[in-house]
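Trainee: Sequence:
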Amino acid sequence: MISTALVAQTRKRSTTTKPKTTTSATQSVAAAKTAGATRVADQIKLLTRFIYLLGGAASNIASVDESIRRNQAPPDAAQRNEAAKAQVRTGIQGFREGLDKLEIDFRATPELQPYYIKLAGVAAGAADAEQKAAANQFDPAARSLLQVVNRLSDVLALM
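Numbering-wise, the sequence shown is residues 8 to 166 according to the numbering used here.
These are calculated hints, taken from the structure and not from any lab test. Errors might be hidden in some of the hints.
Computed list of lysine-lysine pairs in DSS-like fashion (alpha-carbon distance at most 25 Å, straight line) [as the list claims (entries may be wrong)]:
#, residue 1, residue 2
1, 92, 139
2, 108, 52
3, 108, 139
4, 139, 125
5, 92, 52
6, 52, 139
7, 40, 52
8, 108, 40
9, 108, 125
Pairwise CB distance ranges, derived in the manner of DEER restraints [claimed, not checked]:
#, residue 1, residue 2, range
10, 104, 150, 18 to 24 Å
11, 62, 112, 25 to 31 Å
12, 48, 83, 38 to 44 Å
Everything numeric in this text was worked out from a predicted model, so none of it was measured. Don't be surprised by glycine CBs; every beta carbon is placed ideally from N, CA and C.
All chains, full assembly: derive it from the sequences and hints.
Mentor: Here it is in structure tokens:
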């Protein structure tokens with residue numbers, strides 16, 4: 008006669024297997040996050056270089072404007088100065104457009120949406136700089152761009 012205790016001891020116990028997360032899904036999330044972080048880092052690099060150069064350009068523009076007001080500038084100085092101002096405005100406009108695209112991409116990419124909240128508004132900061140540059144206020148425009156860099160740095164730190 009077989010006891011029930013012996014039958015109970017010989018029974019195999021089965022455990023349910025937990026579904027494994029697919030490595031391809033994990034890799035795609037990591038790849039999207041890395042690509043987003045790279046784009047933010049690239050914007051930071053480009054903006055900081057532009058701001059550095061803008062400091063010198065703004066100083067030159069202001070001194071030429073002052074020379075023109077005093078009638079001490081060469082005849083073609085006004086034309087060159089306006090070309091320099093236009094170049095600065097075009098650069099700031101390009102950054103605003105790039106930051107607009109960056110915001111849209113972060114909002115549209117599910118893996119990057121958690122970072123969009125912190126990123127939102129960088130294009131508006133660049134638009135503010137663009138308006139200031141249009142009014143020939145290049146130093147305040149540079150300060151607005153510095154705030155954009157600060158916000159981008161915060162996003163990069165979260166990633």
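Trainee: Each hint should be assessed against the structure and marked as holding or not.
Mentor: A quick look at each hint next to the structure:
no.	hint	in the structure
1	92 / 139	12 Å, holds
2	108 / 52	17 Å, holds
3	108 / 139	21 Å, holds
4	139 / 125	24 Å, holds
5	92 / 52	22 Å, holds
6	52 / 139	22 Å, holds
7	40 / 52	18 Å, holds
8	108 / 40	16 Å, holds
9	108 / 125	15 Å, holds
10	104 / 150: 18 to 24 Å	20 Å, holds
11	62 / 112: 25 to 31 Å	30 Å, holds
12	48 / 83: 38 to 44 Å	40 Å, holds
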